[in-house]
Amino acid sequence: MEGRARPVRLPFASTVVSQALMAASGAGLTMFVLLHLLGNAAAYLGRAAFLAYARHLHGLGPLLQAMELCLLLLAATHVVTGTMLTLHNLQSRPLPYRVKAIRAASLSSRLMPISGPLILLFLAAHVPVFRRPAGPSPELILQLFSHPGTVAFYLLGLAALTSHLSHGLWSLFQTLGLHSPRHDQALRRIAAIVSLAIGMGLALIPLSVLLWPGFLR
Amino acid sequence: MEKLIHLTLRVWRQSGPDRPGRFHDYQSGPVATSLSLLELLDLVNERLTLNGEEPIAFDHDCREGTCGACGAMVDGLAHGPKAETTLCQLHLRDLADGGLVVIEPFRAWAFPLIKDLVVDRSALDRIMAAGGYVSVDTGGAPEANVIPIPQPDADQALAAASCIGCGACVASCPHASAMLFVGGKVSQLACLPQGQPERARRVLAMVAAADREGFGACGNHRECEAACPKRLSLRHLARMNREYLSAR
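Sequence lines, in order, name chains W and G.
Under the numbering used here, the first residue of the first sequence carries the number 5, and numbering increases by one thereafter.
Under the numbering used here, the first residue of the second sequence carries the number 158, and numbering increases by one thereafter.
Hint data in this document are derived by calculation from the structure and do not stem from the laboratory.
Treat the hints loosely; a few may be bogus.
Under 10 Å between C-beta atoms, here's a sample of chain G residues computed to sit facing chain W [to be verified]:
hint, residue
1, C330
2, M336
3, L361
4, G373
5, K387
6, S390
DSS-like cross-link-like pairs, simulated, lysine-lysine; straight-line CA separation at most 30 Å [as the list claims (entries may be wrong)]:
hint, chain 1, residue 1, chain 2, residue 2
7, G, K272, G, K239
8, W, K104, G, K239
9, G, K387, W, K104
10, G, K160, G, K272
11, G, K272, G, K387
12, W, K104, G, K272
13, G, K387, G, K239
Even glycine gets a Cβ: it sits at the ideal position worked out from N, Cα and C.
My request is simple: use the sequences and hints to build the entire structure.
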């Protein structure tokens, strides 16, 4: 086996620990996305309710900053561990199959290393625009999503998120050892429904601005 | 009258680990569908030998689906298109008449190629040596029913123990991960009272060994479970994760 020594870029303590970190940080990030979705709902209670929600959120002060820091840590853990795992996995089969068929792997599971970076790309554009000292104003939302191109970009980002979650939400139970065949079908169905609900729920605001003239006005 | 079919075999030929490899096509001629694919390779090899050519190297032993020695990718699937079978139990009746059959070796960094379809799977042995056993003192064999084992535990242990170590899980995993193999042994021994004393040490050592050998991380694609000729359930992999995380 001489000459086969490779730079084993082992992610953290072991692959199992790394996967557990992915699962735990992914679960935390999903919790945030659910909170985000809940916050978005304020926009449908009218302009005044939305402004009140934004004011209230930003009135939290240090608590909000602490939450942001937690979120940043979760995201950093997920991205760094995910990148290291992907590099490790790429090394595990240096020579690809000339012919390879798929028996059971879902499309979303195989797209994880692509949907992940796509979400990061989306966030790199989304977060700087909306993370403001005073919170997002309805005018900003209306102005931004009146461009069909922006809406299309958001839909693409959210499609990546939906795909990522539909595998991730099932996968994290398996990784954390909480999976059993008895609940497998139900868990897969719930993961698919929740991820679709999150994706469609988040897409509602850009689509509402574009298609509903009275929205937030 | 037995049915005859004709196949084109596209087989990966590589004379050694550091030699370049390529596909080579072989015509089967009319062959009986009752033949197994390995028996067809035997026929091709006889012809090659008579022509003074190098026969196709492939691993095989019991040829009844129990030993785990055989294994190759057939049309991109570990052990071929038939579910829950080893390569030696894949028969020509399972393949389409007149079709092209692509046969490629298992590919993984941890399974270095030796020749043609033969790969070195001793990495799996080293994982087993790291902890896939129960240490017992020497002496007479103890009476079998001295330690009572609940039937559900015994059933799960037996299901987990059905792994034959063929490596199809690694070969079919998009990440070339060996975690179903590791999970089978960890789960089997975690279910049994005899496995308890070394329970934590075992799972840590076996996972560390798999990582050291250069197998990938499990991404829960479920390809291993679907490719396993013994249909080892993902529940064993989940149990291994549970065992590992609680052992740390």
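Provide an ascending list of the numbers of those earlier hints which the structure does not satisfy. Violated: hints 5, 10.
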